[in-house]
Amino acid sequence: MACSTGTCQSGCYKDNNEEEEQVPKREAANGVTPNGNDIDHHHNLCLKCKVNETIAPPSAAGGGVGDGGRFCADCFRGNLFGKFRFAVTANAMISPSDKVLVAFSGGPSSRVALQFVHEMQHKAQKNFDASRDRSLPVFGVGVAFIDENAIYPACSREFDQSIEEMKLIVSNLAPPRKEFHVAPIGSIYSSDFSDGRDRLKELLNAVSDVTGKEDLLLHLRMLSLQKIALENGYTKLVLGSCTSRIACHVIAATVKGQGYSLAADIQYVDARWEIPIVLPLRDCLTQELNMLCCLDRLETVEAINRPCSGINGLVSSFVKLLQEENPSRECTIVRTAGKLTPFHFNRIPETDDGNAHLASQRRQKKFNLKPNESLPPESFCPICHSPLNNCDLPSFSSFEDDQTSAGIFGASCCPSCRFQIVPKEPSSMVQFYSLLPQPIISRAKDGGCGNQRWLREQIQDCLLSDNEDGT
Amino acid sequence: MQEADVVKPKKNIGAGRQCTICNQRRAALKRPKTLEQICRECFYVVFEEEIHRVIVDNQLFKPGERIAIGASGGKDSTVLAYVLSELNRRHNYELDLFLLSVDEGITGYRDDSLETVKRNEIQYGLPLKVVSYKELYGWTMDEIVKMIGLKNNCTFCGVFRRQALDRGAALLKVDKLATGHNADDIAETVLLNILRGDIARLSRCTSITTGEDGPIPRCKPFKYTYEKEIVMYAYFKRLDYFSTECIYSPNAYRGFAREFIKDLERIRPSAILDIIKSGEDFRISTSTKMPEQGTCERCGYISSQKWCKACILLEGLNRGLPKLGIGRSRGITTDRSNDMKQSNGIKNIQSKQCGTLDF
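Residue numbers (our numbering), protein chains in the order written: chain A, 1434 to 1904; chain B, 447 to 805.
Rather than coming from a laboratory, the hints here were simulated on the basis of the structure.
Beta carbons: idealized from backbone N, C-alpha and C, even for Gly.
Be aware that a few hints might be false.
[Stated by the list, open to error] With the Cβ distance kept under 7 Å, some of the chain A side facing chain B (calculated, not the full set): (1) Gly-1690; (2) Ala-1696; (3) Ile-1766; (4) Asn-1822.
[Stated by the list, open to error] With a Cα cut of at most 27 Å, we get these calculated DSSO-like pairs of lysine-lysine: (5) Lys-1753(A) to Lys-708(B); (6) Lys-1646(A) to Lys-708(B); (7) Lys-1532(A) to Lys-1611(A); (8) Lys-479(B) to Lys-1646(A); (9) Lys-580(B) to Lys-752(B); (10) Lys-683(B) to Lys-564(B); (11) Lys-1857(A) to Lys-476(B); (12) Lys-769(B) to Lys-580(B); (13) Lys-1660(A) to Lys-1634(A); (14) Lys-479(B) to Lys-683(B); (15) Lys-708(B) to Lys-1857(A); (16) Lys-1600(A) to Lys-1660(A); (17) Lys-1646(A) to Lys-1857(A); (18) Lys-580(B) to Lys-619(B); (19) Lys-1600(A) to Lys-1556(A); (20) Lys-1559(A) to Lys-1532(A); (21) Lys-479(B) to Lys-1857(A); (22) Lys-769(B) to Lys-597(B).
Given the sequences, and given the hints that come with them, work out the whole structure.
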């Protein structure tokens, strides 16, 4: 990897624009241009190594190949991996004692995420084997695929084939061996899969809004991933969300009125979940990831991915249009949203046993991590798990209207979920509530007393008994 | 275009369906904001009452204040003038209302729309003040365009208009200026600020009142009012308004962002309000401050730099260097302009019609 050595590791991608402007001038001044009158040839040289040809002609750079118009294949690969590695190290995403679960959909983004995590692990393994004291253990990697065949039935033969292909992709990666978990989305209910499948279908049918249905499924997918991670002892969950995907989320969340919680979703680290989520591809464009898959012949399994509909579909075509008009638009959108104030959980929580990780902590460049412990814990929407704005918190008057647990549940959701997911009719609300998987129900119950617990912790030293009643 | 928008819902209305509000009269329209089928009279009531609530809840006006209404003759400002004078009478706001127009000096566009405002002056009985670029700056937009061409002319117009409105308001000795920005405009501004990466503007663009630290605060009583409902109101009330695009930026009206909002509105009418809510709720740390405000050494207008933007642009015009102060700014020209570079004929992400008094 070109980027893994030398000085460019500190996010050289940030200087891309500058480089683009400066390099031609520099070249001309130094007379480096190998062949002055061969203008076409000059334009196709990689900006970084200035030796090899670029992957695509520069004119195509705006047409959706990202850095492909500027770099040769090696520098392109190195640059992309550099972005990934910078995100990982700067945000302390992976430590040697971690066991990392990569969420794999079969698409190019998660394929690259898997590849990069694998390369990083591979390198760590090499270092481990070579080092004398073996002080740094090698982090473990597993792969998870959530099977949504229950919701979007595909031809079973095709589906089975896709699963086989994915198994092959995972097993073909060099050792250390990675476990591959395939879980049907219905398994969030219980181990009894067929029952879960029916309940899930009913649950989704209770949601009338197309966008709401899609978003609910997304939240359930996250629950499934969390469940796999939790049950198999993983400590981090890696998602392949890239800049383009996050840009769409920024616009979609704005359109759905989720401006308050947006800042939580788009940071590198999201530790509000039991297993913290990390987004190491946050700075990579989807075109670049596609390009890498092409270059390195990384197999993807496309059959399973579906285009979005409703508001989400509208947003993604809007962002695509903007990106075509200006190739840096997606980056600008994510950068804007990145300026919103993150939440306290948008960083990897500090561990108490400092000694165990001493070796690794030396290596991490932890910035952007400003602990702010004095804040009260957020309340979360039980459905989408987004932090709630104080002014949107359920008031007591809304509880009075409907004292049933279904009614209380509905009132404790964020305004956006209340609008697009929670049924308006009280009777269908009761049914909807009865179909919800356990994690969502318990989240709603925990949410209510989270604040109370925090208050109790504040006055802990003055309390004489361990429980509320004072007995 | 506007009329087509209004007529459309009529087709969907089943014959003889009752108004869902009064349950007495026949429903005549589907309310764009809520899709309720209601009669005309109920529409007038809910439309006006919503604006009244916004004014009261946000304490936009105090009794006895003098208020200028930025009037371009377009639909938003015409409906604003009509509704404000109506509510002022009905709810005893005790406001002195004035119409304030800016004459940019665009033949075939502003002269015609000013005629509309002059008719409004008589129809609503509101005194009108017109300030012109010619008398304030010595240049009309026609002359400016003759000199600099059709590129960047919107920058001049936008900067000059902003100042002209403040100067007009000062001449009228008003306490506040009300503009006709509607919910669609604000939602569009929120999106545009995200697309541009302008976090400072993103934090302020949803405020209903701005410039409270300046000489004349501005407010937007139509912050939550849908453009479609304004058109509908003007249409049913047969208000006299002017709807032609500025001849110097004929294609500026519909940009990507505006089209996107219209598409959203079609599948989820509440999306416009949701975007505004997001804009209000964004967690933006208060340390993101705008540059400190001083006054222009030349004309005394508020400015973060030595000279205000209008003076820089004017200096360029008068010295025959119209490029001065346009584009990438440095030195004394770092004051950020509200207008994006707009090249004529090319579809832009921004859409605001340049000739209106909305900026």
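Hints versus structure:
no.	hint	in the structure
1	Gly-1690	holds (3 Å)
2	Ala-1696	holds (5 Å)
3	Ile-1766	holds (6 Å)
4	Asn-1822	holds (6 Å)
5	Lys-1753(A) to Lys-708(B)	holds (17 Å)
6	Lys-1646(A) to Lys-708(B)	holds (22 Å)
7	Lys-1532(A) to Lys-1611(A)	holds (11 Å)
8	Lys-479(B) to Lys-1646(A)	holds (23 Å)
9	Lys-580(B) to Lys-752(B)	holds (24 Å)
10	Lys-683(B) to Lys-564(B)	holds (18 Å)
11	Lys-1857(A) to Lys-476(B)	holds (21 Å)
12	Lys-769(B) to Lys-580(B)	holds (20 Å)
13	Lys-1660(A) to Lys-1634(A)	holds (19 Å)
14	Lys-479(B) to Lys-683(B)	holds (19 Å)
15	Lys-708(B) to Lys-1857(A)	holds (26 Å)
16	Lys-1600(A) to Lys-1660(A)	holds (20 Å)
17	Lys-1646(A) to Lys-1857(A)	holds (15 Å)
18	Lys-580(B) to Lys-619(B)	holds (21 Å)
19	Lys-1600(A) to Lys-1556(A)	holds (23 Å)
20	Lys-1559(A) to Lys-1532(A)	holds (18 Å)
21	Lys-479(B) to Lys-1857(A)	holds (18 Å)
22	Lys-769(B) to Lys-597(B)	holds (11 Å)
In the structure shown, no violation is registered for any of the earlier numbered hints.
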